[in-house]
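Novice: In order, the protein sequence lines correspond to chains A and B. Everything in the first sequence is counted per our numbering, starting at 1 for the first residue and increasing by one. Everything in the second sequence is counted per our numbering, starting at 1 for the first residue and increasing by one.
Treat each hint with caution, since some may be false.
Each computed SDA-like pair below joins lysine to any residue, with the alpha-carbon atoms no more than 25 Å apart [what the hints assert, rightly or not]: (1) K71/B x V46/A; (2) K18/B x S67/B; (3) K3/A x R98/B.
Hints listed in this document are in silico derivations from the structure and should not be mistaken for laboratory results.
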Amino acid sequence: AQKVTQAQTEISVVEKEDVTLDCVYETRDTTYYLFWYKQPPSGELVFLIRRNSFDEQNEISGRYSWNFQKSTSSFNFTITASQVVDSAVYFCALLGSGSARQLTFGSGTQLTVLP
Amino acid sequence: DVKVTQSSRYLVKRTGEKVFLECVQDMDHENMFWYRQDPGLGLRLIYFSYDVKMKEKGDIPEGYSVSREKKERFSLILESASTNQTSMYLCASRDGQRYQPQHFGDGTRLSIL
Chain A
1 AQKVTQAQTE ISVVEKEDVT LDCVYETRDT TYYLFWYKQP PSGELVFLIR
51 RNSFDEQNEI SGRYSWNFQK STSSFNFTIT ASQVVDSAVY FCALLGSGSA
101 RQLTFGSGTQ LTVLP
Chain B
1 DVKVTQSSRY LVKRTGEKVF LECVQDMDHE NMFWYRQDPG LGLRLIYFSY
51 DVKMKEKGDI PEGYSVSREK KERFSLILES ASTNQTSMYL CASRDGQRYQ
101 PQHFGDGTRL SIL
């Protein structure tokens, strides 16, 4: 069975602070994909990034960066210089290659950025 | 841009009613999904479909059925609504490659009274 844990239920920061959202996963598959989605108050989940298990290179996209570490089964997401518009629920998700062939989502982290 | 449209943002129904949630996508995607989202539980897969008239159960199919008569439309049916089906329902679509990201609709917040 595969599992995704987002231990931080809610995080609140003040604008311009950096914030890291944690994601820890469990899978027995050697090939798998990890995703991050953002769900703003409007409700629609917006795809942010996909990583495959063979690519441990960290990625930066503007104020967003992702740290993938297979040794600790983690795929953490950092927002630098947070803005009020970053306020949303963020989901980490895992796609395995074995018997569980559909996305498994974490429970999500509610990020609130205060002005 | 992919557009996934869910027919209602908010819906209120009564216990025992038959409820239809509709989802339409405009990108000719083969795969479509229905999830429910509950606080502390994230998204859980109810049913998915990889082709017209094809469907497979997800993690929590009990009390639900689905219909896919046309490629662009995927319907979720609550045969006899119950209060424990009060939730946010999200539809998604994806092209044929399994590792491609799913595209989501805005969600339907369903209340069963």
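Novice: Determine for every hint whether it applies to the structure shown.
Specialist: Checked hints:
Proximity of K71/B to V46/A is assessed by CA-CA distance (about 23 Å); at most 25 Å being required, the pair is judged to hold. A distance of roughly 14 Å separates the Cα atoms of K18/B and S67/B; the hinted pair therefore holds under the 25 Å criterion. Between K3/A and R98/B, the direct Cα distance comes to roughly 18 Å. Compliance with the 25 Å bound is thereby established for this hinted pair.
Hint compliance for this structure: every hint is met.
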